[in-house]
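Engineer: From first to last, the protein sequence lines are chains V and H.
Position 155 of the first sequence, counting from 1, maps to 154 under numbering that gives the first Met the number 0, and the rest follow consecutively.
Position 193 of the second sequence, counting from 1, maps to 192 under numbering that gives the first Met the number 0, and the rest follow consecutively.
Rather than coming from a laboratory, the hints here were simulated on the basis of the structure.
Be a bit skeptical, because a hint or two may be false.
Said to hold, decoys possible - Which residues of chain V face chain H? A partial, calculated answer using Cβ under 7 Å:
no. : residue
1   : ILE62
2   : SER89
3   : SER150
4   : ASP184
5   : LYS188
We put the CB at the ideal spot given by N, CA and C, even for glycine.
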Amino acid sequence: MFPELNNLLSTTPDRTEQGKLTLLCEAKTDGSFLVHHFLSFYLKANCKVCFVALVQSFSHYNIVAQKLGVSLTAARERGQLVFLEGLKSSVDIFFRAQEEPQALQFLREESTGNLQSLYQFVRDSLKPVDSGETPWKFPVLLVDNLSVLLSLGLGAVAVLDFMQYCRARVCCELKGNVVALVHDDQDAKDEENDILLNGLSHQSHLVLRAEGLATGFCKDVHGQLRILWRKPQPTSRRDRSLTYQYKIQDKNVSFFAKGMSPAVL
Amino acid sequence: MAAAATCGAGVLSSGCVASTAGRSSTSSFQRRTKASGADGGGPRLLSIAGTRPSVRNGQLLVSTGLPALDQLLGGGLAVGTVLLIEEDKYNIYSPLLFKYFLAEGIVNGHTLLVASAKEKPADILQELPAPLLDDNGKKELEDIHNSKTPEPDVSMKIAWRYQLLPKMQVGPVSSSRFGHYYDVSKRIPQELLGSSKWHGFFLPEHITSDLKGESCSLSGDYMKLLQFIQNIIYTEGFDGSNPQKKQKNILRIGIQNFGSPLWGDDICCTENSDNSHRLTKFLYVLRGLLRTSLSACIITMPTHLIQNKAITSRVRNLSDTVVGLESFIGSEKETNPLYKDYHGLIHIRKIPRLNNLTCDESDVKDLAFKLKRKLFTIEADSSALATIWALGDLLR
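From just these sequences and the hints, can you work out the full model?
Structural biologist: Written out as C-alpha cells, the structure is:
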C-alpha cells in the first residue's frame, strides 16, 4: 500500500470503513497501481480477500506485492487470500475437460451467458466460517478488471448484475468491501463499457480515477488521480472531490498537488 | 527477496528453469538463485540462446529482430507476452516487422510457429531477410553511427534527439547474442532455413465445412488455431508440463493479418458484428497460453479496417505491447516537406508493466520510420518536433 494514498483517503489498515464499494477507473493510462495498493492494504488490514485477477498472472501480483511488503503466497497458504487466476483457468477450461463447474464457466458457452458461476465462486470463498471465530476482520472482493469481462462476450448488464449480487452479499450481508477496476476509453465509443462505468459510478461510495495528463506524456508526472467521495443516497451534502497528480516509482507512488511536482518546482 | 521468490506460472524472469510440474502445482517454473545480468554469475543460470534478462526486473526478453524497436520497448519483447502490430494502411511495412521477428527466431535457433490465412507459411519463411554477418554487422553499425546524411542504402535506424541522447547503442550485449541486423534485399540462406524448426498453420488447410459438436463459443477458425498452438506448446514441452519433453528453447509465434476477413471474421466488414467477442476471446486465451509457456507472439492486425472502434480498443487492452504503423502513402503527409525523408510514423501505444509498478517508456514519442534499400530505420521525428515547437500542433 502507498502511505501517501492512505493519507489522501484518510484511512489506515487499522481503521477502515466497511460495507463500501470502491470503483477504480483508468482512463488513458495504467491504473493497476491502484489495484496493487488495495490488495496490499486489505491484506495488511487483516481482511479476508478474494481476488479475481483476470489480467495478469499470480506471479506478477506477487512480485509487486512483495515490493509493497506483503507476500501473496504466504497469505494464500494461511487462507487469507483466495486468488482466481483468470488466465490460467481460461486455458484449463478450453483445453482440459473439467467435471465440476468452474468459476469462468461462461467462457465455454456460446450465447451471452451470465456470471452466476463466478458469483458462486466469490460467495463460497468469502463464506463466513461456521464456528464464528475467524481471525479476519471482514471480507473484501477485489476484481481486476471488469472491462475484460466485456471482451469475453458478456454484456454490460450481466456484469452489472454480477456486481449487484456481490455488493448485496459482501457489502450488505457480510459488511465487507468491494473494489473493482474498470477501464474507461473516452475516445472509443465503447457503449457497453460506458454503461458499465456509469452504472457502477452511481453505486459506489468512492471513485478513484487515474487519468493520463491532457497534455500527453510526461516523465515526471505520470498522471492525475481524481478522488470522489460519494453518498449513494441523495443527501443535502455535496460529494467531495480532490485531484492530485502522481508519479509512480519502483516501490511507491508519490502524490502532489497539481502543478507542484518536485521536478517542476 | 529475489532468491526466495518463486515464479508462478507467469511471465518468466532470468534464472527460471523449466521443470516438470503437475497441473496441481502453482508454478511451472521455479526461479533459482538470481544471477547478475548476462554474465551468468549464478550457479545454475538457465541461458537460452537469444534471450537476455531485463535490467529493470529480470524479465526474460527476446529480440523483435529490430534492435531499434527493442530499445523502444524497454530492451526487448518479454517472454510470455503478445506484441500487437497495427498494420499500416496498405500492409506494406508491417509484414517487414513480422519477418524480422521470425528471422530473429531462426538466427537464434528458436522454434517458429507461423499462422496465416493468406500465404503459406513455407512461402513466408522463404522471404525472410538475410541476417548480416558479424563483420558486416559491425561495419553497418559504424556507418550508422558516423553518417549524418542518409545514405542511399542504409537500413532503418533509430536516432534519438541528437543533442540529448547518445547515439543508438546496441547495449551491453554484443549484437551477435541479442538482436541482429537484417538485409531486406537478400533472402535468408537456405541452410539456415533448413536447420530451423518451424510449424505452419495455413488456414485453408484446416477448414472443415461443418462444425461438429461443441462450438466452444469461438469461431471454428480461431478455435483451430488456438488448439494448434496449444498442441505445439504441450507436445514440445514449452510449458514444462510434458514429462517426456524438457524444452529449453523459445517458441516464437507469428500470426499474420489476424482479424481480416480471410480469417472468417466480419469485424472488418460491418460495424455491428454479432461475433465481435470471438477475436477478443481468442486473444485472452492466447495470453493465458503464453503466460504459462516459454513463448512470445507477434500478431499483425489490420486495425484500421475494424469498423467498430470499441473492438480496436478492446484488442489493444488485451495485448501487452502495441505498436502502430502509419504509412504516408496516399495521405496528405506524403507531400508534406517535413516528412519527405520518412515513409511513415510509428506509434508505441502500449508497453506492459510486468512484475513491476513502472515500465520503461521512452521519452521520445514522435517516431518515424523509413525503409531504405536494405534496412528499416526508426528515427525520432526531429524535423516534426522542431516545427511543433515553433508553429504549434499543425500536423495532427
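Engineer: Holds or violated: is there a CB of chain H closer than 7 Å to the CB of LYS188(V)?
Structural biologist: Status holds, d = 6 Å.
Engineer: With a cut-off of 7 Å, does the beta carbon of SER89(V) approach a beta carbon of chain H closely enough for the hint to hold?
Structural biologist: Holds. Min distance 5 Å.
Engineer: Would you check whether ILE62(V) satisfies its interface hint, that is, whether its CB is within less than 7 Å of any CB in chain H?
Structural biologist: Since chain H brings a Cβ to about 4 Å from ILE62(V), closer than 7 Å, the hint holds.
Engineer: Under 7 Å, Cβ to Cβ, is where SER150(V) needs to be relative to chain H, so tell me if that hint holds or is violated.
Structural biologist: Hint holds; SER150(V) Cβ to chain H Cβ min 4 Å, cut 7 Å.
Engineer: Go through the hint on ASP184(V) and say holds or violated, using the shortest Cβ distance to chain H against 7 Å.
Structural biologist: Status holds, d = 4 Å.
The structure is consistent with each of the numbered hints, conforming to all of them.
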